[in-house]
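If you want the building blocks of each chain, they are given just below.
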Amino acid sequence: MTMTDTLVGFDDVLASYDPALGLEVHVELNTNTKMFCGCPAVFGGEPNTQVCPTCLGLPGAMPVVNAKAIESAIRIGLALNCEIAEWCRFARKNYFYPDMPKNFQTSQYDEPIAFEGYLDVDVDGEMFRVEIERAHMEEDTGKSLHVGGATGRIHGADHSLVDYNRAGIPLIEIVTKPIQGAGEKAPAVARAYVSQLRDLILALGVSEARMDQGNLRADVNLSLAPKGSGVLGTRTETKNVNSFRSVERAVRYEMQRHAGILDAGGSILQETRHWHEDTGITTSGREKSDAEDYRYFPEPDLVPVAPSRESVEELRGTLPENPLLKRARLQGDWGYTDLEMRDVIAAGVVGLIEETVAAGASPQAARKWWLSELGRRANDAGLDITDLDVTPAQVAAVQALVDSGSLNDKLARQVFDGLLAGEGTPEEIVAARGLAIVSDEGALSAAVDAAIAANPDVADKIRDGKVAAAGALIGAVMKEMRGQADAGRVRELVLEKLS
Amino acid sequence: MSLIQRTAAELADALAAGETTSVELTQLHLDRIAAVDGVVHAFLHVDAEGALAQAAESDARRAAGALLSALDGVPIAVKDVLATEGLPTTCGSKILEGWIPPYDATVVARLRAAGLPILGKTNMDEFAMGSSTEHSAYGPTHNPWDLERIPGGSGGGSAAAVAAFEAPLAIGTDTGGSIRQPGAVTGTVGVKPTYGGVSRYGLVALANSLDQAGPVTRTVLDSALLHEVIGGHDPKDSTSIDQPLPDLVAAARLGATGDLSGVRVGVITELSGDGWQPGVMDRFQESVDLLVKAGAEVVEVSCPNFVHAMAAYYLILPAEASSNLAKFDAMRYGLRVWPEGKPDASAEEVMRASRDAGFGDEVKRRIILGTYALSSGYYDAFYGQAQKVRTLISRDFEAAFEKADVLVSPTAPTTAFKLGEKLDDPIAMYLNDLATIPANLAGVPGISVPSGLAEEDGLPAGFQILAPALADDRCYRVGAALEAALLAQWGGPLLDKAPALEGA
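Chains F and V, in that order, give the protein sequences. Reminder that position 11 of the first sequence reads as 10 in numbering that gives the first Met the number 0, one-by-one numbering, no gaps. Reminder that position 83 of the second sequence reads as 82 in numbering that gives the first Met the number 0, one-by-one numbering, no gaps.
Keep in mind that the hints are not guaranteed to be accurate.
[As the list claims (entries may be wrong)] Straight-line distance between alpha carbons at most 27 Å, and here's what the computed DSS-like set of lysine-lysine pairs gives:
1. F:Lys325 to F:Lys409
2. V:Lys363 to F:Lys92
3. V:Lys363 to V:Lys417
4. V:Lys387 to F:Lys92
5. V:Lys417 to F:Lys142
6. V:Lys341 to F:Lys142
7. F:Lys460 to F:Lys496
8. F:Lys67 to V:Lys235
9. F:Lys92 to V:Lys235
Honestly, the hints are just simulated from the structure, not real lab data.
Please put together the full structure from these sequences, using the hints given.
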């Protein structure tokens, strides 16, 4: 079993050490087909149904590069302010593993498609520049399923199954240069980088970029060096970090763990570590030393990739607005406070609000529905909010009914119930469920009279000038009308009749 | 003359004239295989049923006037390194015993699309590593000229099948001479096309940057006909050249007229001298003289870097092969060996045991060499350096092709050696490919044409003609001219002089 790590308090770590970060993010592209063959590159599917001789590594089969994947790689490179190679090659990374069909991964080595870039990230309102070393193309491996063990991991498993559907799906690996000087903000910088990289990927439209589904996978490298020394210490690489929060926690944990070892006079073992979401700790994976020799050499079955400068410039023209600048613009347009903006960013609903506003709703109304009502429902259903069965156009339509006085907020929530149950358009649901506010003065007046008659002592108090007591009568009327009345108008009627 | 002794072009004519049917032809070849392959062992797998069914379809097409190609109905044998859907493909290795590919190599698909019945799969050195076919895990092939001798390699099976009249046509693959050298020692014609001229999709790679499939036949014209069937761009092979082939059949027919006026022939100085068998050199000189008689202008050309070709080849080839052969790990197909006494063996232990049992010594030797050459710290000194030599060899060719339209040399330094003679001396075995390797390193096309029998042993020698990349037609023109001159001198095909095999 894992021995308990000695952790040093976070502030004490910073008193003695400077952290250096390095992030390797794998982005699974959303191309229709795989990197080197025509198999569909989609998530899920019965095991081993999306395979062919090439992605199964059958003898004699050959790769052909997916042009769309190269385009996506170049767009990612450009969005990260990288140089785009005039000429680059694929290389074979040789190692044996059952989920790798050829026992080599077709990747790029010393000739990446994009290199020398940066991403400016906003860390709690402060800008931090993360230098990008490279972004290169490669293929994903298959997926091993270890059966019979308690943990689903290979240790203790009785046998393993391999699903090659994922083998050959295009990946872009984005590698930062060592990130130094972040100090106490190192965990926050790591989180902000991955989160804002994801925003960029989404804005580019090149990946679904869902961390929970493995479309976006972050490996966190961390090392400590004696404070002020300016050198780089021995690093560990933590894998299986599947959320922004975990990125932050994993950095923090490794900083505290490294310091524990170094303080005790020990040295850090260069190794791969696994992050455990449930317990919030890392454990040792396979040892990874620089001695591991992948015997890279240029892939002889592929020709070099040489994007013309014209095509690169054409792709540059397709880049979306920088998400950071765009946020500043939207905040101004929407009139949100910094706190409101931070909340909608954290909830990942900026895009949804943008579309809802475009469909006619006010920015505040759009924020209210997405952030509270729909955010809660997504949470309850365990869904990503973008996967909720409600569209920005529908939210705008519901808000239009509220604005016109046909619905109040309480009735609007019932319309969302109907939308999630697939009962049709907001208008159809209002009609089918009989949700519209009653604006018939005669019916309202009769209901108010009935409430006064049923509560004579309350009526007396109001006549005596205790206007606050009106709430009890309004409540009774609203109950009688099953909520489908304009509470403001009811109040006016009560006060008129008892003045 | 028996039908099976005719050339493929003659068989196509006989089919057209209604003199025979594809079913009859195919059956005659199957009968010949049954009669002589017990001693020749050119085939690893014979598909009588499939071949006859394809032949019947061809006959039906002919009756309906809907032929697929000039060679529709003429049977063929395929080297066992090309994937054939539904037919075993072993590459001469135990590790692929029993593997039946779910797909056709592009070359095989094109043979089928052209209507050639596939007789079966031919023997080869394991994963095409060798010059004698002795490294086949299924036993050696014997040279029809002398059953005690090697048929060349790695494609000894295809060459022997054609030389023994078991098939009129065959497909080989040539990484360092595996089509041309067997052609030379069996008295047959073999062509290594321009790299990228014939699709490698479905060719189980030995060394991807060197491999090329090509024709194995008894005449130059037959090779041209077959080359046109299998060649041309294939989108499934990224290294395939997206250009139409030159008119190869026309070039062969032009050459056969015997006129080479204006053609400059360069004799490569470095490919002669010590270690070259005198009888082979005599036949070579005689052929050069015949080219002069046909009107060619002969010049001497020097390719000084060819002396380094062998060393570069034996770094690049094992490097690529060591990576290619990694996929044979017992996880998805092929041989799976459980380590003894370990019922709960890990995947890694099963991989190790299976690779240990499934690969032969020559394959292991090259995997070790290649792994070493690619290792961190050695890469620049070995693989990197070899790539530089490769560039120098390409420059030698460029310079030589400024002085000559084609370059010529003996195909192999010696005639067929005895089985077992060089098995324990890998370097001596490797030296057999001295003259053929430079073409693979530079990607240029080459043909080997029989040049006669060496005086001292009465065994066939080969004459190699090399041309610039994409100018395969020059090989056919000069090859056909030489063939015509030699046939006139011999009074018939060289194979007429081969001893009769039992059952013939």
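Hint-by-hint comparison with the structure:
1. Between Lys325 of chain F and Lys409 of chain F, the direct Cα distance comes to roughly 33 Å. Violation of the 27 Å bound is thereby established for this hinted pair.
2. For a cut-off of 27 Å, the pair hint linking Lys363 of chain V to Lys92 of chain F stands: about 20 Å separates their Cα positions.
3. Restraint check for Lys363 of chain V and Lys417 of chain V: the C-alpha separation of about 24 Å stays at or below 27 Å, so the hint holds.
4. For the proposed pair Lys387 of chain V and Lys92 of chain F, the alpha carbon gap of about 22 Å is at most 27 Å, so the pair holds.
5. The hinted pair formed by Lys417 of chain V and Lys142 of chain F fails the criterion: a straight-line CA distance of about 51 Å is larger than 27 Å.
6. Of the pairs offered as hints, the one joining Lys341 of chain V and Lys142 of chain F holds, with about 25 Å between alpha carbons and a cut-off of 27 Å not exceeded.
7. Under the criterion of a C-alpha separation no larger than 27 Å, the hint pairing Lys460 of chain F with Lys496 of chain F is consistent with the structure, at around 13 Å.
8. Note on Lys67 of chain F and Lys235 of chain V: the hinted pairing holds, with a Cα-Cα distance of about 17 Å set against a maximum of 27 Å.
9. At roughly 22 Å between alpha-carbon atoms, Lys92 of chain F and Lys235 of chain V fall within 27 Å of each other, so this suggested pair holds.
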